[in-house]
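Heads up: the sequence lines are chains A and B, in that order. Taking my numbering, the leading residue of the first sequence gets 224, the next gets one more, and so forth. Taking my numbering, the leading residue of the second sequence gets 539, the next gets one more, and so forth.
Just so you know, the hints here were simulated from the structure itself, not pulled from any lab data. Cβ coordinates follow ideal geometry from the N, Cα and C atoms, glycine included. It is possible that part of the hints are untrue.
No more than 25 Å apart at the CA atoms, straight line, and that leaves these computed lysine-lysine pairs for DSS-like [unchecked claim]:
1) B/Lys607 - B/Lys640
2) B/Lys596 - B/Lys640
3) A/Lys287 - A/Lys243
4) A/Lys243 - A/Lys278
5) B/Lys587 - B/Lys640
6) B/Lys587 - B/Lys606
7) A/Lys264 - B/Lys640
8) B/Lys640 - A/Lys278
9) A/Lys289 - A/Lys243
10) A/Lys237 - A/Lys287
11) B/Lys596 - B/Lys607
12) B/Lys640 - B/Lys606
13) A/Lys264 - B/Lys587
14) A/Lys243 - B/Lys640
15) A/Lys289 - B/Lys640
16) B/Lys606 - B/Lys596
17) B/Lys640 - A/Lys287
18) A/Lys278 - A/Lys289
Covered stretches of chain A (chain B as the covering partner; in silico rule of three or more C-beta atoms under 8 Å from a C-beta of chain B) [what the hints assert, rightly or not]:
19) 266-273
20) 326-333
Spelled out, the chains give:
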Amino acid sequence: GAVVSQHPSWVICKSGTSVKIECRSLDFQATTMFWYRQFPKQSLMLMATSNEGSKATYEQGVEKDKFLINHASLTLSTLTVTSAHPEDSSFYICSAREAGHGEAFFGQGTRLTVV
Amino acid sequence: AQSVTQLGSHVSVSEGALVLLRCNYSSSVPPYLFWYVQYPNQGLQLLLKYTSAATLVKGINGFEAEFKKSETSFHLTKPSAHMSDAAEYFCAVTSMNTGFQKLVFGTGTRLLVSP
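Model the full structure from these sequences, guided by the hints.
If you want it as structure tokens, here you go:
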């Protein structure tokens, strides 16, 4: 299957700082990328969907100004958690989908800890 | 709206025993259904998918699932469990209603395999 690389795999930051997470499709062009959040021992919650070159579509209840998503190229999307607080600590996972394909491929996830 | 229900947050089996993880879906239109596996602190790996072709779908690592429209089910099975199968398993659904864009995940089932 296709490969999606997410970086970093884990990050610790101080409250009030911003953190950027990258999601790259390594061997295909990802017209659509998805960002999920996963709380411990729970399922994945879709945060937003981004199509290359356009603004992300956020799910209800997700703060756009808090979680900035950029999908500037067909192989890269970034999620920036701005002014992070301890409650933002979570496991963030991206997935990428090629146009015309039903299947999305997942990155390995990023464990964010805000102290 | 689409949804999936995974019965049993935990399933315990002995090594060599049959694995059965249950998934029931709700969808007003023909669904595409997926099973993913997640190991600790990692992303999701696709095990298998149903996309309206054969109702019995074979996936990786000896897993298979059968789509039963009359029962709105897509249960995951494996004839003989291996220790390495211990992980979290997620069932997910998508459909034409969202342009096959959005995956809706179940709450997950943790498979425990004992020697």
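Does the structure keep A/Lys243 and B/Lys640 at a Cα separation of 25 Å or less?
Status holds; Cα separation ~23 Å.
Holds or violated: A/Lys264 to B/Lys640, with C-alpha atoms at most 25 Å apart:
It holds: about 21 Å lies between the C-alpha atoms, which stays within 25 Å.
Would the pair A/Lys264 and B/Lys587 pass a check requiring their Cα atoms to be no farther apart than 25 Å?
holds, 23 Å
Run the distance test for B/Lys606 versus B/Lys596: straight-line Cα separation, threshold 25 Å.
holds, 15 Å
Holds or violated: A/Lys287 with A/Lys243, Cα cutoff 25 Å?
holds, 15 Å
Pair hint outcome, A/Lys237 versus A/Lys287 [Cα-Cα no greater than 25 Å]:
Between A/Lys237 and A/Lys287 the Cα gap is close to 21 Å, so the pair holds against 25 Å.
Within 25 Å, alpha carbon to alpha carbon, are B/Lys640 and A/Lys287?
Given pair B/Lys640, A/Lys287 holds - Cα atoms ~19 Å apart, limit 25 Å.
If you look at each residue in the segment 266-273 of chain A, do at least three have a Cβ nearer than 8 Å to any Cβ of chain B?
holds (count 4)
Tell me if the straight-line CA distance from A/Lys289 to A/Lys243 falls inside 25 Å.
holds, 12 Å
Chain B covers the segment 326-333 of chain A, three or more CB atoms within 8 Å, holds or violated
holds (count 7)
Between A/Lys289 and B/Lys640, does the CA-CA distance stay at or below 25 Å?
holds, 22 Å
Is B/Lys587 within 25 Å of B/Lys640, Cα to Cα?
Distance ~15 Å between B/Lys587 and B/Lys640 Cα, so the pair holds.
When held up to the earlier numbered hints, the structure conflicts with none and fits them all.
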